[in-house]
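J.: One-letter residues, chain by chain:
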Amino acid sequence: MSSADIDAIVQAVLAELRRDGRLPSDGGGSASAPAPAAEGEVVIDLPDPADDALRRRIGVTDPVDAEGLANLCSTTTARIGVGRAGPRPRTSALLLFQGDHGVAQDAIYGTVDEEVKAQFDLFTVETQTADQDEYLLRPDLGRRLTDEAKATIAERCKPNPQVQIVVGAGLSAAAVNHQLPDILPVIQQGLATAGVSVGTPFYIERARVGVMNDVGEATGAETVLLLIGERPGLGVADALSAYMGYQPRPGKTDADRDLICMITYAGGTNPLEAGAYVVEKLQEMLREKASGVALGREDG
Amino acid sequence: MLLRTKLYGTTYEFGSIKELLAKANEEKSGDRGAGIAADSVAERVAARGVLAEVTLGTLRENPAVPYEDDEVTRVIDDAVNEWIFAEIKGWKVGDFREWLLADTTTPAMITRVSGALTGEMVAAVTKLMSNMDLMLAARKIEVSAHCNNTIGLHGRLASRNQPNHPTDSVEGIRAAIYEGLSYGSGDSVIGINPSDDTVGSVARLLEMTYEIIERWEIPTQNCLLAHVTTQMEAMRKGAPVGLVFQSIAGSQKANEAFGVDVAMLDEAYDLAKRYCFTAGPNYMYFETGQGTALSADAHHGADQLVMEARNYGLAKRYDPYQVNTVVGFIGPEYLYDAVQITRAGLEDHFMGKLTGISMGCDACYTNHAVAAQNDIENLAVLLSAAGCNYFMGVPMGDDAMLSYQCTSYHDAPSLRQLLGLRPLPEFEAWMEGLGLMADGVLTERAGDASFFLQR
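Residue numbers (the numbering used here), protein chains in the order written: chain E, 1 to 300; chain P, 1001 to 1455.
Since the hints were derived computationally from the structure, they do not count as laboratory data. As the structure is a prediction and not an experimental result, all values here were calculated from the model. Ideal placement from N, C-alpha and C gives every residue a C-beta, glycine not left out. Heads up, a few of these hints could be off.
To be verified - Below, a sample of chain P positions facing chain E; criterion: calculated Cβ distance under 7 Å: (1) L1153; (2) E1179; (3) A1257; (4) D1261; (5) T1366; (6) N1378; (7) A1400; (8) P1413; (9) Q1417; (10) G1420; (11) G1447; (12) D1448; (13) A1449; (14) S1450.
Unchecked claim - Only pairs whose alpha carbons sit at most 27 Å apart, straight line, appear in this in silico DSS-like list of lysine-lysine: (15) P:K1018 with E:K289; (16) P:K1273 with P:K1237; (17) P:K1018 with P:K1089; (18) P:K1140 with P:K1089; (19) E:K252 with P:K1253; (20) P:K1273 with P:K1018.
What the hints assert, rightly or not - Label-pair ranges, simulated between beta-carbon atoms: (21) E:N71 with P:V1045: 55 to 65 Å; (22) E:G99 with P:E1053: 48 to 58 Å; (23) E:P47 with P:P1281: 47 to 57 Å.
Pulled out of the complex, with its shape left as it was, chain P reads as follows (with noise of 0.2 Å):
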């Protein structure tokens, strides 16, 4: 294998594809971390040159992980539609990003082809894309899902509800759980992050959170954020459960770190599909997040886009009802500063949507990042109109228990109004008939939790 040019009179030449990805990253700390960074910016230059004259199926030939080493691989590389594969094979990801941008190319087709995709070739086309590039090409695909209200349609912006409380306290969750939904926020899912990951505590959340969904007949799904053990533990028992969850990584030894492996998540998505309360057909949720496999030093030397597209050809294994990066929460080591943090956030919102996957975003960023509230505005303002499925709603956007700050209640309904984005349908209707929405907009009875002590 030759992978050589030369740009300004200089011969840059590249080892491997896996080496070749990795330099023709947008830069990221990670990487360079990593050791695997292009050493100039005119050597990521070159290296993107270069891959833009590699075939599609170079690069199925070419896995970050062997297949014989990792299910992850297998994974995707089982999936992959042998018929539209033998037809995009020979496309160059130059092409390809062309391909994808041209006003000829439909969303349909787009689709078709996300049937034969790869996590590299994702990837790779992705490293070739301008920020609005991204934009525009993820606003082509709509990737909807049904769990118990439909996600994903054009023109709507979800939002989860975020309530977490530092020790799990049922009545702060209640509380805050209360204040979202007065926003807005609650349409994606009710979704928790547990402070203290066992099956009792964990249930006594779920009961409440489907006692307040049954109560006020609220057209969405709970979750728990417990390790997926956890939750299918709780569902044996009886525990009412909307969406299943897990953090997933890129590698097979990543997903260990996080206690999990291919055959577990099969179950888990079985359990779902037999114990959920919810309508369905859509029971899975995941969270992703570029640098997750280099943190568990499983990144098998490939570069953290590259393990974060493998993600989505994992989760959609598993047909999910939404799936969402964790944009900035990993910290500066992987991203340092709001360039980077942006960057990623419209990269994995791409790539998922490309991969087939309803996919949002929690736009975030922790205190020791070079990043603060606005760079995250910013970021769901771009990502709302690349047409992102859903972003997390938290008090204020300050996670009183992950101790991070993301997009708060009042972004939703922000972003719906200076887009002209609705709720998700259902929920829009359930808003309107309880008089907290009109034509898309608040009502003066919105934004007061004491609305729901009515009931």
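The shape of chain E in the complex, shown without the other chains (with noise of 0.2 Å):
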């Protein structure tokens, strides 16, 4: 067979597939062909294609409404606008994508800044973790104290408050580093200027939502508040959740709390306003004795 008949073959084959559906004519989804590079010296000198400008460049071609289309963008972080080759992404919105998740994979193990724990005097206490690996693979171990732990509140902590607050780093201590100096001191002026008796706050290494149970047993406190990290999303890698629970005891869930979540200047909840919003929730705990599915869900 010639190069000539093969070549016919493949036309043929191509025109049917085009007929069929299953080629995408011109338009939508195919580009033109590239353009061919300039000659000469290899010169690739980029700007960061993370920074805000590169990041929210849409990648239709040909909308239908392009202003309208640059509105709906600015509406929400969620990743749209960005276009197709075929039915897959287009390259510069693949690869933002795979840069924003190495980001996060870079970030999980990071620790909290000492200064930031001197800020506002919290002493440190462990679970029965042993290392980041076991933190990871063992949410059982991360949601008990040490009994060490429990001896240092026992000595440290005034006993019996109306509010006890606690944080921890979970997988994210950016999230405390950035959203602790702004949420704490609003919920302690909120609560002080609201006449609720809070605990001495501190710190625990390697925590789960679940250790505010041993938390709420070992200060014998009314309330807790759980400060800690989320796990890292894409580009937001410093979130913060507030779970609060009326008398955390052991065998008390999820079910018993209620939770702010994604606390951060990065598309969520700013700090300043949660806080507002935590102090108004464990007042509200306090008044009704009761927290979490007990609580009711008509409130907020």
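Two chains, each in its own frame: build the complex with the hints.
T.: Okay, structure coming up:
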């Protein structure tokens, strides 16, 4: 078979596929032929694609309503308006995603700055996990304080407060480093103004949310507030969660807790607003003597 | 009870059916963390050898949690068709596997036997199956359901349009919905995970999604994945609900951690039938995932596959429109890496279908798992080949609210194109009518959210 024959067959097959709709005709999802690169010395010197201007670049070719599309894209941090190559994303959108994922993965193993702890006089206790690997693999141990931790708490904490505040890095030390300096003063000030007694705050290394039960038991607190780093998302590696529970004691579950998540300046609830909401919620728990499902879902 | 075998000269003995099931399970970090996994690969295979000889009747007699102590066990056991059970109770698990795979076993035969299965039986046979076994057997079983459109038919692949926003912005969510619709995502459901689980906020998003469905005459349904009690309250107040959602788990105690019980789900199902604006008869949507019972310390010493299988038995009580495992969401402490996530996705899909429910998959992972987007694309292809009913559609696979990654708006049309699949029939006709799809392929107008600014 000659090469001309093969070429003719290929062209016939392509034409048939197009007719069947299995290959796109020219237009959406198809790219025009790549422009040839200029000859000469290779010089590639790129701006940062993660910067806002480039990150928000719209990749749809020939939209119905370009201005409308830009408006739609401005309403959300979700990756819309990225365009397509056939049914797949365009190259720049694909690479930005991979870059964001890479940075998030690199950030999992951070540590909380000692200055942040010092700023709020947080002493540190540990859960029963030995290291970060065990913390990731054994959530049960991350929910339990060591005996040494309980002894330290008994020695250093004001017993039986109305609100006990504790802090943990969880899966994002950056969340504590970035949000705690803003949210904690709002909460402390708000509770003081409301005349609520607040216990001695402390930091828990390698904590899971369920550690609130041990904290409640060790301090005798009426309510416990846990500020803990969330697992990083793409491009948002510093979101904090606030978990609150009325009389958390061993056996209490997520259904007994209330939660505010995504506390971050990067597209979530800003820590100042979140702090005000936490104060309001804790007061409601103290008033109603309940939390979680028992408190009802009408409020907020 | 004596459960013993030799393998390469070493004797392995197992103390109970529950222990045997756990040790026969494919490697999962959750089972290892719970201290119930096989100590060695050889012990795992030895356990499978013994399990292959256990009868389905024995499995029914040994549920993970006793009948008297657990309402999930009771729901499943009470639903067993006794006539069919009498026919199969003497089957050994190893023979059951071969029966499922045999070319002489028709889909109708499997569907009939589903009526007599408990979670323990479904999990047991799954442990004896390789990944391709799971795909081939699942592919045979067609479970379709109808709400405003028809899901689960062979040759169809649906996509849940999941337009989440970190602060529930109505405009932001609407924009993402438009984007998804323009790629052909939304035939399974337009389903939002709200950040704010209050009736007011949930009702506002229900109204907005309903308005889009009405204005564009989309053959689909909406859903707000808030706590079921919030949705019930919203329905009572007149909010337009298409599907009613809840996360469920495989034991009574684990469901308590979600703040639900069977009575509450019964009430939700009853309300759905009375208040949903959709045609039905299938109104419910559930999410599950291996490890949820263990994470609530409510696994009763059973492995995560057994607890997951029990979910599907519970879900079946409500004749759901769709159920999906959220397979990598829970994190590496339960499914450590891409190998375990992939395996679990194939297992869960098969188990759901074998139980007789319309099964999809949120193929996903978190940033602290040893997995990346390529692994999820792989899993989606495998599951599509296995006949999975639907996946999630999320902008570029990156959920702006839940901080995890799953399949994207681009993935549904890609999988359809790759494997010759089509959207749900009513939805495909709708897309063709708008000129967004022709002969199963996106047209040049697709992939442009501003298309939906025209009405």
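J.: Can you list which hints this structure breaks, lowest number first?
T.: 1, 4, 6, 10, 15, 20
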